[in-house]
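K.L.:
Sequence:
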Amino acid sequence: MGKSVPDDIEEIKAELRREAEEAQSKKLEKIRGRFQREWARYPDSAREKELQEIAIAFTYNTNAIEGSTITLEETRQILEDRIAPSKPLADIRETEAHAKVFLQMLKAGERMSEDLLLRWHEEIFRETKPDIAGKFRDYMVRVGPYVAPDWREMGELMKQLMTFVSKSRFNPVETAARAHYIFEKIHPFGDGNGRIGRLLMNNILWKQGYPMLIVEYRKRKSYYKALERTEEGFADYFIRRYLSVHKKLLRQ
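Quick note on the working numbering: the sequence shown kicks off at 402 and runs consecutively.
Calculated from the structure, these hints are not laboratory results.
Just so you know, these numbers come straight off a predicted model, no measurement behind them.
One should not assume that every hint holds.
For lysine-lysine, the following DSSO-like pairs were computed, each having C-alpha atoms within a straight-line distance of at most 27 Å [said to hold, decoys possible]:
hint: 1; residue 1: Lys501; residue 2: Lys536
hint: 2; residue 1: Lys488; residue 2: Lys508
hint: 3; residue 1: Lys586; residue 2: Lys622
hint: 4; residue 1: Lys568; residue 2: Lys530
Now the in silico label distances, taken between C-beta atoms and shown as ranges [as the list claims (entries may be wrong)]:
hint: 5; residue 1: Glu481; residue 2: Ile533; range: 39 to 45 Å
hint: 6; residue 1: Ser487; residue 2: Asp551; range: 28 to 34 Å
hint: 7; residue 1: Ser426; residue 2: Pro486; range: 39 to 45 Å
hint: 8; residue 1: Asp482; residue 2: Glu423; range: 44 to 50 Å
We treat Cβ as the ideally placed atom computed from N, Cα and C, and that holds for glycine.
Produce the complete structure using the sequences and hints provided.
P.N.:
Here it is, written out as structure tokens:
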């Protein structure tokens with residue numbers, strides 16, 4: 402005879418989930434605390450250099466995910482040495498513009514809003530996609546089998562997203578994950594949603610004192626698959642990835 406299932410099995414499961422979430426939250430807080438202590442030791446010149454390195458890596462990866470032909474080394478040459486490779490001009494312009502927006506984002510510390518997202522989009526794509534730069538779409542879009550919400554619903558959906566970002570009670574890492582997922586599902590722009598969504602994600606992390614996360618081009622397939630999951634599923638993927646990337650801070 403098999404063992405009977407306890408009557409309070411659901412309560413047991415809920416308690417186990419709570420314990421796991423608390424342990425996870427403590428790890429994330431530890432990462433934040435140790436990152437802040439390390440960052441406080443950096444002189445201003447070293448901070449500038451480190452942020453430039455992050456800008457190079459983030460810009461390369463986020464653009465490569467969207468099809469840019471610019472390599473990591475070419476990204477460095479464009480941003481540091483002002484050397485333009487023999488690559489499509491649009492890819493070069495978007496490399497320059499993305500890095501500029503990213504660095505401005507870190508220093509400005511502006512409150513998240515629809516206007517801020519529109520400004521990022523306009524600044525990144527004004528030279529390469531002037532017909533859609535800085536504008537929410539007013540037409541239907543499909544991404545593979547996924548059909549984005551009707552454009553007439555976007556005003557309310559974006560308002561809800563901004564409210565979530567400002568009032569979320571989740572740990573900031575989970576808030577960043579969920580905000581990124583929701584943004585990608587809304588798909589408010591005709592193009593460039595991935596890049597703006599990843600800026601949004603890192604803006605939330607940085608403003609709350611957490612180290613950022615670069616979604617790597619070479620690991621894009623697992624990222625794509627995670628975006629096909631539920632919001633809960635993507636948040637789980639994101640947090641596990643975040644803990645893995647920043648595991649050194651847990652060992653210190």
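K.L.:
Look at each hint and say if it fits the structure.
P.N.:
Against the structure, the hints come out as follows:
1. Lys501 <-> Lys536: 20 Å, holds
2. Lys488 <-> Lys508: This hinted pair is violated, its Cα atoms lying about 30 Å apart.
3. Lys586 <-> Lys622: 17 Å, holds
4. Lys568 <-> Lys530: Violated, at about 33 Å.
5. Glu481 <-> Ile533: 39 to 45 Å: Given range 39 to 45 Å: violated, Cβ gap about 30 Å.
6. Ser487 <-> Asp551: 28 to 34 Å: Roughly 42 Å apart at Cβ, these two residues miss the hinted range, so it is violated.
7. Ser426 <-> Pro486: 39 to 45 Å: 44 Å, holds
8. Asp482 <-> Glu423: 44 to 50 Å: 48 Å Cβ-Cβ, so the 44 to 50 Å window holds.
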